[in-house]
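FYI, the numbering used here numbers position 55 of the sequence shown as 56, with every residue one higher than the one before it.
Since the hints were made in silico from the structure, they are not lab data.
Quick caveat, the model's predicted, so the values are computed rather than measured.
Wrong hints could be hidden among the right ones.
[What the hints assert, rightly or not] Each computed EDC-like pair below joins lysine to aspartate or glutamate, with the alpha-carbon atoms no more than 16 Å apart: (1) Lys23 <-> Asp111; (2) Lys23 <-> Glu98; (3) Lys23 <-> Glu57.
[To be verified] Label pairs and their in silico Cβ distance ranges: (4) Gln50 <-> Phe110: 26 to 36 Å; (5) Ser107 <-> Ile58: 29 to 39 Å; (6) Arg78 <-> Glu46: 29 to 39 Å; (7) Pro30 <-> Asp77: 19 to 29 Å; (8) Thr33 <-> Glu79: 33 to 43 Å.
Just so it is clear, CB atoms sit at the ideal spot from N, CA and C, and this is done for glycine as well.
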Amino acid sequence: MPKARSPFGNFIDETLDYIHAKAEAALGPTVTVERTEDTLILEFESGQQLFFNNLEIREAIGFASPLSGRRLFHYDREKDNWLSMRDGSELYELLKEEFATLSGTSIRFD
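Could you build the full structure based on these sequences and the hints that come with them?
Below, the structure is given as structure tokens:
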């Protein structure tokens with residue numbers, strides 16, 4: 002049975018589901034997806050992986066990549082976007098770059 006989530010925890014889940022759906026639609030069988038209650042793992046044909054974590058208690062998405070390392074993203078309501086706590090970069094812009102590098106495929110997040 003799934004655990005009860007706060008409204009913000011549900012929002013994080015919806016964001017991870019959106020990333021999951023975009024990856025599968027664009028990459029099909031060239032990406033392996035593992036989705037659990039709190040995590041999303043995307044593994045590319047090269048064996049490299051992107052990790053996402055629902056950090057509900059911190060109201061954040063944890064992200065780890067072999068390209069850009071580990072980051073925390075908090076949602077900025079004014080900008081309507083997930084922004085890195087490290088450098089203010091946007092999650093979806095970073096993912097576009099990472100997907101292109103790891104898979105050779107461009108993915109639009111709009």
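Hints violated by the structure (numbers, ascending):
3, 4 and 7
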